[in-house]
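Peer 1: Sequence:
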Amino acid sequence: MKAFFSFLVKSPTTLHTLGNQGLYQPKPLLISSRTTSTSFHKSHPLILSTWVIEGYHPTLLIDGDGNFNSKFVDDVKLAAVSRPVAVVSVFGVQSTGKSTLMNSLHSTKFKVMDASQGIHQTTKGVWVAKCPLPNPNGGPEILAVDTEGSDGSEREDDTKFEKQTALFCLAVSNTVIVNMMCCTIGLNNGGNRPLLRTVFDVMIRKFCAPRKVNLVFVLRDKNECPLDKLEEQLKEGMYKIWEGMKKPEAQLNASLEDFFNIKVVALSS
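Note that numbering that gives the first Met the number 0 gives residue 185 to position 186 of the sequence shown, counting from 1, and the numbers run on in steps of one.
Worth double-checking, as some hints may not be accurate.
Calculated lysine to aspartate or glutamate pairs in the EDC-like style (CA-CA distance at most 16 Å, straight line) [what the hints assert, rightly or not]:
#1 K221 x E231
#2 K234 x E256
#3 K205 x E248
#4 K239 x E223
#5 K159 x E235
#6 K239 x D200
#7 K162 x E231
#8 K234 x D257
#9 K245 x D200
#10 K123 x D200
#11 K159 x E231
#12 K262 x E223
#13 K110 x D62
#14 K162 x D62
#15 K162 x D220
#16 K211 x D257
#17 K246 x E231
#18 K262 x E242
#19 K123 x D62
#20 K211 x D200
Derived from the structure by calculation, the hints contain no laboratory data.
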């Protein structure tokens, strides 16, 4: 774990938003993000083998019980990376399309939910994969981190793992994507407020000097409400959380923007 953190703290911070707002937008996908691993393996065995050899295939980083995979550096072939690495992670409520979003953005192959089997947990634990396409801006190698969704029935009222996952994303990432349904703005669990409260608290207490993280809120299934109004309401909730926190003396006058570059974008259904 220490080696992993040591490797990542050297990574540069890169600002990612979505589409025409600046988030890294890869070239057209070589492989459809809707293709399952099984069908893909049968039709493209050579390409899949290359992905595994080069470290592009998703690798389990932390299992559902919190056990860390110390072999992931070898599995993801990090030793072969000569460029700086930018880490982009995602968290949010279960079954809101986090894995699909990451696959669409980075051409990764994180497992996605098969809707024909009903609504259920798909991602368990924390997974990591290198982006198989080069950064079009000539920037750093992109390492994508996909996480188990919060508020799932599998863990019932136990929120320990989801909070630890959110903090892990915060600690290792240059950019953290908070994936949420547009209609959940203003809700407590659905709006990720408990997780944000934990993230803000640790950020202000553990990092003596502000460490800027790009915090990108992706609102899914946007309704007719104008984006600027949605952004205003979302930020209003964040500021309320921030202002209600007990801050150490050194950070009494710190603002949310001292620690985060906040972006809010929306995707239509």
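Peer 1: Does each hint fit the structure? Answer for all of them.
Peer 2: To see whether the hints hold, each was checked on the structure:
1. K221 x E231: Distance of about 15 Å is within 16 Å: holds.
2. K234 x E256: holds (11 Å)
3. K205 x E248: It holds: about 13 Å lies between the C-alpha atoms, which stays within 16 Å.
4. K239 x E223: violated (25 Å)
5. K159 x E235: violated (26 Å)
6. K239 x D200: Judged against 16 Å, a Cα distance of about 13 Å means the pair holds.
7. K162 x E231: Cα-Cα ~25 Å, so violated.
8. K234 x D257: Holds: K234 and D257 sit about 15 Å apart, inside 16 Å.
9. K245 x D200: At roughly 8 Å apart (the allowed maximum being 16 Å), D200 and K245 satisfy the hint.
10. K123 x D200: Violated, at roughly 25 Å.
11. K159 x E231: This hinted pair is violated, its Cα atoms lying about 30 Å apart.
12. K262 x E223: Not satisfied, since the Cα-Cα distance of roughly 20 Å exceeds 16 Å.
13. K110 x D62: holds (15 Å)
14. K162 x D62: holds (15 Å)
15. K162 x D220: violated (25 Å)
16. K211 x D257: Roughly 7 Å between the alpha carbons, so the hint for K211 and D257 holds.
17. K246 x E231: Distance ~24 Å between K246 and E231 Cα, so the pair is violated.
18. K262 x E242: violated (19 Å)
19. K123 x D62: Cα-Cα ~7 Å, so holds.
20. K211 x D200: holds (15 Å)
Against the hints set out earlier in the document, violations occur for numbers 4, 5, 7, 10, 11, 12, 15, 17 and 18.
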